[in-house]
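We have chain U; now place chain R onto it with these hints.
From first to last, the protein sequence lines are chains U and R.
Heads up: the first sequence at position 602 corresponds to 602 in the working numbering, and the numbers run straight through without jumps.
Remember, the working numbering sits 771 above the position in the second sequence when you count from 1.
These aren't lab readings, by the way, just hints derived from the structure by calculation.
With a Cα cut of at most 20 Å, we get these calculated SDA-like pairs of lysine to any residue:
#: 1; chain 1: U; residue 1: K120; chain 2: R; residue 2: R1143
#: 2; chain 1: U; residue 1: K321; chain 2: R; residue 2: A1133
#: 3; chain 1: U; residue 1: K321; chain 2: R; residue 2: E1135
Nothing here was measured: the structure is a model prediction, and the numbers come from that model.
2 protein chains.
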Amino acid sequence: MKTSLLAISAALLFFSFTKNPDYQEFYVKNISELNAAINSASPGDEIIMANGEWKDVQIKFVGYGTEEQPITLKAETAGKVFISGVSDLKLGGDYLVVSGLNFTSGYSPSDAVVEFAINKDTVANHSKLTNSVILDYNKPQKNQTDLWVLFHGRHNELEGCYIAGKANRGPTVRIDLAGNHSIKNYHKITNNYFGPRPPKGGPSAETIQLGNSYTSMAPSYTLVQHNFFDRCNGEVEVISSKTNFNEFRNNVFYKSEGSVVTRHGNYCIIDGNYFIGDKNSEQIGGVRLIGTGHWVTNNYFFDLKGDTFRSPLAIMNGIKKSPLNRYIQVTDVVVAYNSYINCSPWQFSVGSNVDQKDILPASEIRSERPIRTIVANNLIYNDKGVEQVVIAHDSLDGIDFESNIINNQGVSFDKISGIEAEDFSISELEENVWIPSADVSSPELYNGFEFDLIKKDLFGNSREEKNEVGAVVGKPVKNLNLMDVSQYGPDWYSPNSANDYAPKTYSVSSTSKLVSTLQKAKNGDTIVLTSSKYKLKTSLKIDKMLTIRSADVNNKAIIQYNGAPGTPAFEMNPKGKLTLKGVYLIGAKDQYAFASLKENMSSLYNLTVVDSEISNFDYVLKAYKHSFSEYIKFKSTSIKNCANGLEISEETDDRGEYSAENIFIENCQFENVGKNVVDYYRGGYDESTVGGNLVVTNSTFENCGANEEDGILLNTYGIINVDLSGNKFLDNPVKFVARLWGAKNNTHANNEIKNSGELIVEENLPLKLMY
Amino acid sequence: MKTSLLAISAALLFFSFTKNPDYQEFYVKNISELNAAINSASPGDEIIMANGEWKDVQIKFVGYGTEEQPITLKAETAGKVFISGVSDLKLGGDYLVVSGLNFTSGYSPSDAVVEFAINKDTVANHSKLTNSVILDYNKPQKNQTDLWVLFHGRHNELEGCYIAGKANRGPTVRIDLAGNHSIKNYHKITNNYFGPRPPKGGPSAETIQLGNSYTSMAPSYTLVQHNFFDRCNGEVEVISSKTNFNEFRNNVFYKSEGSVVTRHGNYCIIDGNYFIGDKNSEQIGGVRLIGTGHWVTNNYFFDLKGDTFRSPLAIMNGIKKSPLNRYIQVTDVVVAYNSYINCSPWQFSVGSNVDQKDILPASEIRSERPIRTIVANNLIYNDKGVEQVVIAHDSLDGIDFESNIINNQGVSFDKISGIEAEDFSISELEENVWIPSADVSSPELYNGFEFDLIKKDLFGNSREEKNEVGAVVGKPVKNLNLMDVSQYGPDWYSPNSANDYAPKTYSVSSTSKLVSTLQKAKNGDTIVLTSSKYKLKTSLKIDKMLTIRSADVNNKAIIQYNGAPGTPAFEMNPKGKLTLKGVYLIGAKDQYAFASLKENMSSLYNLTVVDSEISNFDYVLKAYKHSFSEYIKFKSTSIKNCANGLEISEETDDRGEYSAENIFIENCQFENVGKNVVDYYRGGYDESTVGGNLVVTNSTFENCGANEEDGILLNTYGIINVDLSGNKFLDNPVKFVARLWGAKNNTHANNEIKNSGELIVEENLPLKLMY
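Extracted from the complex, chain U is given alone in its bound form (with noise of 0.2 Å):
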């Protein structure tokens, strides 16, 4: 086990026990033997799995521990027993630990992969599932929902265990407040590594949520404590707590696509946390807060570059009279000694939409500031000054920011009673980590109410003799290691020894050795054309990450696709991974060039094409309901005589999902495409969306769109990012070349147009309410 030593002496108290001498080991080899153990199992015992496969296995182990004598399943070997498959495990009864699993290659036939409860009236308490992996656990589809871990009961621990790659809908985690049995449930979710979540292109992809709406008001007690979660990127909310007095501290949030966000509840602790962020990405998030009573202590921010949302500080506006499963107002939140290092500016009351009160209802306007909230003894610096230290969407009247101090560089900000500019130098302690160099000769402390239980710092230094504004009054005393991210997961796991790979390139010369090597080539791999011509009766399966180009880029291979009708040359499944480049793709009129599986897109698919020439393809592109891409990039790439081109745009149920996170065509020639030639949809009103990403840039668009039946040949329908620049549209016998939402971040500029309609801007788009 790589937990901390204090995780470990936590564990020890909590599960201590002196062995029953008389205690049993189970060692069972199949399900029937499994069952028959349980059913046998009395406290201090121990069930023992076979190392090997245990495939399609639903596992109910109910049993009746005790404190000092749990009742144990554990692996064989840990992480040698690979449930896989169509399987599941739940749990019932007491005092029962899980131990050294590997979920993997399938998939849960119920609501959960494992579930702390057998049905709604045996749930699980004081048990735990620990030292365990679930890795690519996903349904055959995006919109199938299922959890990978979830709690009832009380008294529950997730410990230990490596969690990633979920793509379908639904948290990854989540704890169900539904019935007494399952409030004040004292759960832990501590020192687990949340590996790569991807986004998923439409809400219900949080790595943690805590409780529902209708929940809301269920006192939970959950803590969070002392997780790495590492790109977690599946939606805005990386953790969406919707209970009150939940805990989230000691965690690091490393480049997550999101927020930690209070988004239903009330009176939760976020205390001693690192945010990491990246430079060069505008999606990562810190602190969203909605409700009441939240307080946000010692929490390190570095490199957060988020706006609105997704903004290292984002304090919402709510709704007035608020629905049940809306914007309740910010009251009574306090924003304490925390250090933000170069990041965006915080920003208040976001989200207001005052000026929509027109065109949306009533009960979906937040109007409602945030009131009696303090913000202070917080420490901002900013490598390079910026004019605005505070975004505020509305009045600022409700906040009282108290001894906040900022270094600017110098440079003049907007004046804020309680945010002083200070002169003071940061250093780096170790990666990722940056704090003052020499104590901040700070105004005084403001001693808010109750502040005095603020005594320990971000490193767990006291504050009671020496304190400072800002997350750290002091180094650590021993290294901190953040990055070190052996200290999370299963000690017999490593999520990165899949990357020890190192890749191969072939050559094929031939149709039949193309075909034959993409099937041996393992992720990562390179194969070259080095004939000039390939011809292809059957799609190629794309089910991995290879690049396909040919030798010489100057003189492009071409691939000839002759397959059925409606068929793609590139079948993009799940992982699929291609990059296409230097190639002349030509089709026979009635097929595609790439599309996703019509069904089981269980994950995702990227294609990146560049410097190639696509023609005489039905569609270009056809990306089916339920698929969904992160990347989908053309690049120098030209093309032409197809009756369409990109289509991504199945999912029309307006509950806000897409079908891709970003698109970008950059330097392309389209010619002679006869309608969909971008098609990109999202629909519903939800303001949690903030995708998708479409970039249009230096391309020439000419003689399109003849076929278009709505008369719009860049069709972007509520996407929420879109940047047309630099474009030529000729000769496009359309109405409109697009037409943007100008309430989202849709932006157009140098874009030349020709004989090709208007681009139009509209302020609001008539959306479907989702809530």
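Chain R only, in chain U's frame:
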């Protein structure tokens, strides 16, 4: 102090201190001496207010005592320090005690009579008001809002006080939770006597309100224990709990026309209370539940005959995704081990208005029925069997009935699994308290989640060794003496002492004698008219309870009023309660027979007219805005030749207010009344206003309404309870006799209508939404 031994012990424990030998006593005779003493006082000191009247004083008691050495402000003799006039008391600091004050003959200039704060920043903590009285301390007018005791801060107490007579807008006692310094307050309201609070005629007249919807997410932990609520009739909620984790224990609710309501907030405990009703009143309620996680246990309900909102047990339907200030769905509620003796049926899904979904906005539709709710181990005894023991306004599928028993006298009732007929008898333990005569051979008790925490019964007997259905498992160890109200409130005050006066009867033979006698008469006296005629030029001021009657009802005296136009013969002042009997009351065309004051009706008036004749007035009764009457009764009386009848319709703000609680017209003759024959109005869609009440029976209306502009003879718009029966309507030139409200309790029967328009019933009346 008449507090119980338990309470004394608790108080001693809490405030016990070893007196500082250096402590000072300040004896103060006026406000400046008091202020000086307050400024000088140190922990342990006592400030003693001299006996007498302290008029127009605003006391700011600021001090910082300690747990061992509080600072005390007390009366020289408890009860002999009268705080009168425009006065209030505010406390700020720690460990302050105020004792023995008598607030009377005045009103507060601020928002509270006694407030546990000086301003929003300086609150009181660990402080208390004890052994004091606040009586009739009403603002001049009903619509002027205040609280009589307003809590802020933490750990404050209202203990051993008598508080009665509040008639103006605003709860009597309120807990404020705005601001973190006022949450988790652990305030205590114990051993108080809440004397009668008259109906207000509209909302905002609770006896205790804990928070409001805007702070409904706050943890409150207020304890309301061992208080006596005597006819607290202000509105439909005696106690309105609007925050979380409040506890209501061991209180007596005596003939109080309302309920204990968990209006907002969740997880409250209502345990061991007595709800004493009245066979003859349908206004007295029990417990009404909204929200999540409340536990209602060990309560005793007796003779409660209320319906819907005022049912002995009313579990409401919620609104889907309810707005913050409306109705949250009931979930996870437990109702266990209660006894219902001779009560009306339990009601579920109270407030369901799905049938009005085409009329009301979705945010007003209470469609969400209770779920995950357990009703178990309760005992019902009906001395008269009923056919329906449960009234369900929607499906009961979310209610789990378990092991409830009922003696329904062998009458078969609607079969509900979990409510079983049982033959057992009850016997009277003492007045109003009936318990099973012998152990009930009950079914196996239901052992729900955490039912083991219900360790005691109503009387404090242990349930651990011997357990039973219902509130009691045995007799109390010592006598209860439930109705011995001397257990509550200050030791020096007896609320019933005013009743010791033996009323007198005066005979008056002249107008001047009538006027002078009226002035000197005391509450309850009778004035007998022995002459045949009294000529009045100025109004008779009625500001006490009086009867005025002819000496011989068969030989009625004439009171002829010839005062200024627009003035009344009888001017109904606050607390004026007039019975006029056997009199000819004659105006001179432009006068009013009866009218309230035009302003400053600080308390209610009542009017009863029997065996009389009223004629030749402009108005029979003019009820001005902000006046209020509990009873207006005309019996066996003729009303003729008046321009207007009873006009009680000035509350036109549509905030649920109305001007009279009960209007009875029995066996009367109305003849030639031009308009406003009866004009009685309540406006605003407010489902929690359950009045007013109009009964018109066996009366005749002839040639009335000729000048009625709206064409309605009896205008009852918005009045909830209307009964028109056995009347004759003859030759009234109007379009409608009445326009009744079908969805409410409006009925008509056996009326003879001749040449008088129609009597119509409309199911739904358009009303202004208030929330």
